[in-house]
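Same order as they appear, the protein sequences are chains R and H.
When we follow the working numbering, the leftmost residue of the first sequence carries the number 2, and every step to the right adds one.
When we follow the working numbering, the leftmost residue of the second sequence carries the number 86, and every step to the right adds one.
Hints listed in this document are in silico derivations from the structure and should not be mistaken for laboratory results.
In this text the structure is predicted, and so the values were computed from the model without any measurement.
Where hints are given, some of them may not hold.
[Claimed, not checked] Pairs of lysine to any residue, SDA-like flavour, derived with a Cα cap of 20 angstroms:
1) H:LYS171 <-> R:ASP266
2) R:LYS161 <-> R:PRO8
3) R:LYS280 <-> H:GLY123
4) H:LYS90 <-> R:PRO8
5) H:LYS226 <-> R:LYS287
6) R:LYS287 <-> H:TYR230
7) R:LYS343 <-> H:LYS90
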Amino acid sequence: MVEGQIPVEEYKTANTKHRWDLRRMLSAHRVLAQYDYKRGQVWRGYANRTLYINLSSNEIREKKVSDEMKKIFTGGRGFGLKLLWDSIRPTTRWNSEENELVITTGPLCGITQYPGSGKSLCLTVSPATDIICDSNVGGFFGPYLKFAGFDALEIQGKAKEDVIIVIDGENCRVTIETAPFEETNSHLLAEQLTRMYASEDNELSRQKVSVVSAGRGAEHSWWGCLNFSFWDIRRKVARMKQAGRGGLGTVFRDKKIKAVVAKIDHFDGLSNNPADPEKLAEIGTKMHREIRDLDRYQCNMRAVGTGHLTEIMDAYDLLPVENYRFGSSQKASRIYSTEFYKLFTKIIPDGCWHGCTLSCSKTVDAFTVITGPYKGERVTVDGPEYETIACGANMGIFDPKWILEFNFYCDTYGLDTISTGTSIAFYMEMYEYGILNKERCDGLELCFGNAEAALELLHRIARGDKGRFIQIASKGVRRVKDWLIKNKWGDKQLIEDAGMESKGLEFSEYVTKESLAMQGGYGLTLKGPQHDEAWLIFMDMVNNAIPTFEDKAEALHYFPMWRTWFGLNGLCKLPWNDIEPADNAKTDEPAKVPEHVQNYVDIFNAVTGWNVDKKELILQSERCYNWQRAMNVWMGRGRRKDDWIPYRAIGPLTKMEYLSRKERYDKQLVEKLGYNKKEVEKMSVEKKIRILYNYRRDQYEKLTDAVYYRRGWTPNGIPTPQKMKKLGINDPRMLKMLQKKIEEDEQKGLNIWRGKYRKGEKPPTNDPHYWEKP
Amino acid sequence: MAKPKTVRILRFYGEKCTGCLECERACSMVHFRTREGGDKSAIRIIKENDGSYRMNVCDQCGLCIDMCPVGAIYRRENGVVWLDRKVCIGCQACVGFCPIGGMRRSSIRIEPFKCISCGSCVRACPEDALELVEVEVEDVKEVVYHKLGV
Chain R
2 MVEGQIPVEE
12 YKTANTKHRW
22 DLRRMLSAHR
32 VLAQYDYKRG
42 QVWRGYANRT
52 LYINLSSNEI
62 REKKVSDEMK
72 KIFTGGRGFG
82 LKLLWDSIRP
92 TTRWNSEENE
102 LVITTGPLCG
112 ITQYPGSGKS
122 LCLTVSPATD
132 IICDSNVGGF
142 FGPYLKFAGF
152 DALEIQGKAK
162 EDVIIVIDGE
172 NCRVTIETAP
182 FEETNSHLLA
192 EQLTRMYASE
202 DNELSRQKVS
212 VVSAGRGAEH
222 SWWGCLNFSF
232 WDIRRKVARM
242 KQAGRGGLGT
252 VFRDKKIKAV
262 VAKIDHFDGL
272 SNNPADPEKL
282 AEIGTKMHRE
292 IRDLDRYQCN
302 MRAVGTGHLT
312 EIMDAYDLLP
322 VENYRFGSSQ
332 KASRIYSTEF
342 YKLFTKIIPD
352 GCWHGCTLSC
362 SKTVDAFTVI
372 TGPYKGERVT
382 VDGPEYETIA
392 CGANMGIFDP
402 KWILEFNFYC
412 DTYGLDTIST
422 GTSIAFYMEM
432 YEYGILNKER
442 CDGLELCFGN
452 AEAALELLHR
462 IARGDKGRFI
472 QIASKGVRRV
482 KDWLIKNKWG
492 DKQLIEDAGM
502 ESKGLEFSEY
512 VTKESLAMQG
522 GYGLTLKGPQ
532 HDEAWLIFMD
542 MVNNAIPTFE
552 DKAEALHYFP
562 MWRTWFGLNG
572 LCKLPWNDIE
582 PADNAKTDEP
592 AKVPEHVQNY
602 VDIFNAVTGW
612 NVDKKELILQ
622 SERCYNWQRA
632 MNVWMGRGRR
642 KDDWIPYRAI
652 GPLTKMEYLS
662 RKERYDKQLV
672 EKLGYNKKEV
682 EKMSVEKKIR
692 ILYNYRRDQY
702 EKLTDAVYYR
712 RGWTPNGIPT
722 PQKMKKLGIN
732 DPRMLKMLQK
742 KIEEDEQKGL
752 NIWRGKYRKG
762 EKPPTNDPHY
772 WEKP
Chain H
86 MAKPKTVRIL
96 RFYGEKCTGC
106 LECERACSMV
116 HFRTREGGDK
126 SAIRIIKEND
136 GSYRMNVCDQ
146 CGLCIDMCPV
156 GAIYRRENGV
166 VWLDRKVCIG
176 CQACVGFCPI
186 GGMRRSSIRI
196 EPFKCISCGS
206 CVRACPEDAL
216 ELVEVEVEDV
226 KEVVYHKLGV
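Work out the full structure: start from the sequences and follow the hints.
In structure tokens:
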């Protein structure tokens with residue numbers, strides 16, 4: 002039984018204690034550049050300034066945020082896109098000198114009254130995809146950056162040696178410093194820097210410091226993530242949330258940044274100077290009560306975090322098992338949230354930003370590390386969250402302690418658990434087929450379930466191992482696919498369709514075979530296959546609420562726009578629909594959670610003092626969404642070919658998969674494709690797979706047609722200048738570029754719908770240039 | 086710090102109450118230097134449909150202590166659950182999670198306030214309808230729910 006009500010100063014974990022000579026470390030710092038500034042007041046959610054740092058030239062300066070910029074881009078990810086558009090070129094790649102790492106906040110970021118209001122948005126040109134990747138993350142850094150005086154931080158150029166950037170909001174000073182003696186791996190580095198830069202030697206001072214860091218793994222891999230710290234006054238550790246997707250940490254370390262530190266002297270519930278604090282407190286309190294009363298009957302986030310999804314996904318055949326071949330496993334109950342609940346420390350406000358009572362950041366304290374450089378130490382492991390647990394299932398690892406080990410090392414090495422897990426799962430499948438083997442894997446026996454081999458792979462990556470396999474494997478599924486195909490080690494089609502990546506980025510952890518809308522939710526995205534744009538599986542598959550292509554296209558318009566909105570404002574999406582009002586099911590559109598949408602309208606107005614409605618919120622997103630797509634086009638992607646997804650995400654690829662769900666697929670051949678039942682019984686499995694393959698691939702193309710049309714894009718996926726103008730975007734450089742790209746497509750004959758429309762079916766429109774009509 | 090064993094909480098004798106609200110005025114004087122009472126008072130007297138009176142005030146259960154992300158709420162040596170306004174960041178988590186609505190916020194400031202068992206209301210009550218009584222902390226203590234499921 003947990004005691005509760007333990008005074009903060011008396012709370013103890015059994016973690017290994019570290020003794021560092023922080024003074025010696027600090028005295029070794031050499032200041033390379035210093036910039037003193039006058040801190041302005043954050044007003045109605047905006048600091049109205051951004052901070053620009055160039056590590057090549059050691060230049061530090063401020064940029065003004067104009068009202069025009071706020072009107073078109075709102076904030077957060079929108080600001081990031083605008084800053085990147087002004088700074089990079091279409092040929093910019095992840096390791097180009099001019100590539101930037103941008104960390105932004107958003108006007109609602111840093112309010113404490115509404116749950117989930119402390120998110121930072123990170124953007125950069127990704128090594129995995131060659132286009133902009135955005136990733137949202139909790140932790141204290143974003144709010145502190147804003148309260149220190151800046152809506153966004155823009156880092157360009159590369160340092161010559163390892164540096165840290167310190168944004169000291171207390172003394173209004175920004176510095177670039179060398180930091181030779183600090184650790185690189187995050188769980189140690191974040192703690193060292195927090196202790197080093199805290200104004201006083203107490204927990205509350207340490208809580209006013211936040212550190213962004215990566216790790217040794219991010220130096221040698223394209224899976225690099227960023228860790229955003231938030232000091233836990235009870236556990237007395239720097240806990241961390243990850244901006245995982247797209248290799249942000251890789252870019253971070255390529256720029257030779259060891260860490261970015263933000264520090265403030267004071268903040269309170271009104272540091273954003275909201276227009277209507279009363280309204281904010283009122284809506285916030287209502288939400289806290291809703292969570293208090295309903296969370297335990299709904300998602301149980303407060304007890305187990307996002308891990309509650311494991312058992313649901315397993316039950317609905319959606320949990321990725323053995324590289325997405327299957328959707329459930331008899332072993333899965335070993336990693337249900339009930340098992341992790343036993344390990345989590347309880348009765349602590351586990352929000353990644355103050356005031357988040359949904360508190361999904363669950364933590365295992367005093368976990369004894371099993372392998373690698375920290376073997377035997379007792380550490381705090383943040384999570385695991387659903388995605389990381391599901392990575393376990395995907396690699397055939399059904400042991401909570403190995404999932405924790407994987408989680409810990411991914412975090413501290415600065416590796417994204419999703420990309421790492423999905424990639425290793427693919428390598429394991431290739432290993433099973435003999436396409437990879439022990440020799441080709443530099444001696445690693447990467448068979449499903451071999452957790453020790455998976456961890457050894459991580460350690461070798463972090464050590465900078467020069468083995469051929471490690472060098473390629475650490476760059477992700479796409480690069481390994483090319484390598485396997487080049488060496489003719491296996492069937493090209495099988496390799497292409499089994500490796501779960503799209504645009505070069507690895508899939509996150511849901512099996513999408515039976516939900517066409519969700520396939521679109523992964524494929525028809527801006528940055529790559531990540532569920533943050535749309536999560537339509539239940540609507541589509543379980544509730545059958547969006548049966549037609551038009552319905553699905555509408556959902557693939559609304560939900561990506563709505564979910565984008567959180568990123569423009571520095572908000573977390575979870576308090577929108579991972580807790581629902583008791584009467585939500587009785588509303589017109591339960592999937593949209595209308596009451597919560599209204600909450601967001603109200604808090605947006607309460608902070609900014611603007612007067613917008615829910616339609617305007619969607620418009621705010623649509624502007625940024627189309628802008629990002631247009632930038633993808635500008636950088637040579639963002640076309641239909643780039644929205645391709647592997648067949649493993651669409652249907653059964655191998656005989657084993659077909660046979661494991663034979664009844665389901667046979668039934669579909671009869672009901673959806675009109676085959677005679679007896680005919681189906683006589684068919685070979687190979688033939689049935691082929692028929693389904695062609696049918697489902699075509700369904701995906703038809704969906705793509707419908708979605709592009711709904712979004713106002715050409716049949717090849719380019720946002721039209723007409724659409725952009727309608728959204729109020731008049732940047733001549735952008736409009737001209739889009740027109741030119743559309744004309745190029747026209748010459749190549751690419752502006753045609755790609756679905757095979759039979760009798761009684763028709764494409765979204767027969768007009769091949771529908772967008773040119775007024 | 087030695088753990089407090091007892092705490093003084095308010096007891097209300099509804100049959101004596103006349104609904105004069107002197108207690109609320111005394112309380113708002115303590116917290117906000119005003120005799121307004123109402124939403125500026127930590128103690129509230131509510132008239133029921135049948136004409137009787139009910140008191141709503143913090144019972145010092147301390148569930149809010151574990152809700153506070155910055156550790157602004159703690160049990161003082163005298164057992165009273167105390168909110169340190171200088172540390173508070175106004176998130177309202179304690180207000181939202183209080184099982185009886187005893188943690189309150191007024192329109193004057195974003196930081197909540199609550200009964201501190203000072204006895205002003207007791208002294209102000211002309212009918213002796215209020216009393217501070219000493220109880221065991223263990224008997225009133227509540228811990229925020231953490232059990233899996235219900």
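Hint check:
Annotation: proposed proximity of LYS171 (chain H) to ASP266 (chain R) holds, straight-line Cα distance about 13 angstroms (limit 20 angstroms). Of the supplied pair hints, the one linking LYS161 (chain R) and PRO8 (chain R) is violated, its CA atoms being roughly 46 angstroms apart against a limit of 20 angstroms. Pair hint LYS280 (chain R) plus GLY123 (chain H) holds up; C-alpha atoms about 19 angstroms apart against a cutoff of 20 angstroms. With a C-alpha separation of about 14 angstroms, the suggested pairing of LYS90 (chain H) with PRO8 (chain R) holds against the 20 angstroms cut-off.
Taken as a hint, the LYS226 (chain H) and LYS287 (chain R) pair is broken in the structure, with Cα atoms around 24 angstroms apart against an allowance of 20 angstroms. With a C-alpha separation of about 18 angstroms, the suggested pairing of LYS287 (chain R) with TYR230 (chain H) holds against the 20 angstroms cut-off. Restraint check for LYS343 (chain R) and LYS90 (chain H): not satisfied, since their Cα atoms lie roughly 30 angstroms apart, outside the 20 angstroms limit.
Going through the hint list in order, the structure does not satisfy hints 2, 5, 7.
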